[in-house]
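Undergrad: Working from the sequences, and respecting the hints, build out all of it.
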Amino acid sequence: MKTTLQILKRTGLVCLLLILSPYKTVMAQQTGALPAYKTGVSVSYFGDLITHPGAVVSVEQSILPGRYQLVGSLNLGGYIHKRNHTALFTNLQIGQRYRFRSGFYLEQFVGLGYFRSYLNGDGIYEVSSTGVASQAANPGRGYVMPIINVGAGWDLSHRRNAIPLRLFVRPTLFWQAPFNGYSLPHLALQVGATKLIP
Amino acid sequence: MNLSKLLLFLLSFWLTSCFNGELQTDGTYFFLRSAGADMPVWVKGNTQSDVFILFLHGGPGGTAHEYVKNPAFSRLEQRYRMVYWDQRASGLSQGNPLPESMTLSQFVTDLDKVVDLLRSKYNQPKIYLMGHSWGGALGTAYLADGRHQAKIRGWINVDGSYYERGAILLSRQFVIDYANRAIIEGREVAFWQDALNWYQANPPYTTDQDHHYQLLDRANGNVYRPQADSTTVPYVQLALRSPFSLAALQSSPLLAGLRDEFIQLDLRPQLKTLELPTLILWGKYDGNEPVAQAEELYRLLGTPVKDKYLTIFAESAHSPMDEEPFQFASEVIRFINRYP
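Protein chains in written order, with the working numbering: chain A, 1 to 198; chain B, 1001 to 1340.
Just to be clear, a hint being listed does not mean it is correct.
To be verified - Below, a list of computed lysine-lysine pairs in the DSS-like style, where the Cα atoms sit at most 27 Å apart: (1) B:Lys1306 / B:Lys1151; (2) A:Lys82 / B:Lys1069; (3) B:Lys1151 / B:Lys1121; (4) B:Lys1151 / B:Lys1126; (5) A:Lys82 / B:Lys1306; (6) B:Lys1272 / B:Lys1126; (7) B:Lys1284 / B:Lys1306; (8) B:Lys1069 / B:Lys1306; (9) A:Lys82 / B:Lys1044.
If you are wondering where the hints come from, they were derived from the structure by calculation, not from laboratory data.
TA: Shown next, in the form of structure tokens:
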């Protein structure tokens, strides 16, 4: 059990190091001929443990548009894990993206947000000291949400019949903290599209 | 691919995920809120039955959810209703309970609330407690109060703890005996000689015993037949289509205090206050709670001889419901039939 947590923490650390790594080498490969879309609006499927369904809407802004991009994004989403919890979350992320000539691109993001979790089940009960059971409210609990994701996709905006669209798949790791005295890791998958706006 | 086709693809992917698996629809799944913890209680099985078997998982810090596909419990579910409850800061329990609430006394209070909730929600069902390992200690501590015994029809103790310091001594001896046999038989001689040296250098209670529990695994003290199919838990199915989350694989640091209390626990004086019908189920090769514990438990129980039963499973270690599921289920059914 400890090993799983250590591996997850190590994965997060590696992603952070990559995010913070020097990008001068990549910048040298920038070309000026590519379309310069600075803003994007994304809609994506968000599956906690892949299959617990939800959605994320994002707005992103390229700080450094071109083949190599520095990106900031604001995300709003939620999902339903039946018989566990229903989640709503918002977070801010920064990331970097590198697009190859073919349109294929790789990206990675790191961020921090707010996560609200509501119990999902067939009821919540309290029992008094005299043994009387009654239904309880479900106001939800708030958590801090560190998040890391890596992604890959296709940028359709610079082909001959250019479509201002990006398709992406993003394996995501985020944490729900504090949870029973520790940070609960979640693995998720995002699959979606970004509409590009000049 | 145009935009509408893409959106259609995403929508179909989303809808596919919305289909629930059997573990997301089977039975009734609710939460008990108590002292900062939101603990899941899953009632599943034969809805016509008024017999409820409330399972107390091991640990502290285990989860009852990993037993929902267990062949022994599936068989019991055909006749009765199984109740899978995850204790505070354990398994799939949620909330943020305070470290001060991690006491045996609070766990007993939680258990009493689960029992009262079942009695209220299901119109006074016949409740049998089944405690495994640490769950055996929890059940014993709960039943030591006569008012609690009055709510319970029978007690099924599965390789359950009641005197952990004694169990630790027997557990160490279990590995030492295994090591000596292995050396005589010429199996992994160097490894087991190192193990014997470690035991000599590290007396009980004086050092971190993690290494002992690693050796116990190697000596098949937890699982007698590690290759047996029945011991596997379908984690992929649980992860993709059930209430299961990664929380079930975590160990909460909040439980450290309870673990210390558990190691000091000596419930032998309370055993004579237990007078309800009791079935003791134990693995012959249990290295965690060696079988001598079962014999002492049977002797110390206050239950009249005609109402207490001890069954030793010849091919099991710590979890006979995993290793001999069909015999396990048969023993439980026979017991419940005796005390309907």
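Undergrad: If a hint holds in the structure, say so; if it does not, say that too.
TA: Evaluation of the provided hints:
1. B:Lys1306 / B:Lys1151: Holds: Lys1306 (chain B) and Lys1151 (chain B) sit about 21 Å apart, inside 27 Å.
2. A:Lys82 / B:Lys1069: Holds - the C-alpha atoms of Lys1069 (chain B) and Lys82 (chain A) are around 18 Å apart, at most 27 Å.
3. B:Lys1151 / B:Lys1121: With Cα atoms ~14 Å apart, Lys1151 (chain B) and Lys1121 (chain B) stay inside 27 Å; holds.
4. B:Lys1151 / B:Lys1126: holds (8 Å)
5. A:Lys82 / B:Lys1306: violated (46 Å)
6. B:Lys1272 / B:Lys1126: holds (23 Å)
7. B:Lys1284 / B:Lys1306: holds (23 Å)
8. B:Lys1069 / B:Lys1306: The given pair, whose Cα atoms are some 33 Å apart, is violated under the 27 Å limit.
9. A:Lys82 / B:Lys1044: holds (16 Å)
Comparing the model with each numbered hint stated earlier shows that hints 5 and 8 do not hold.
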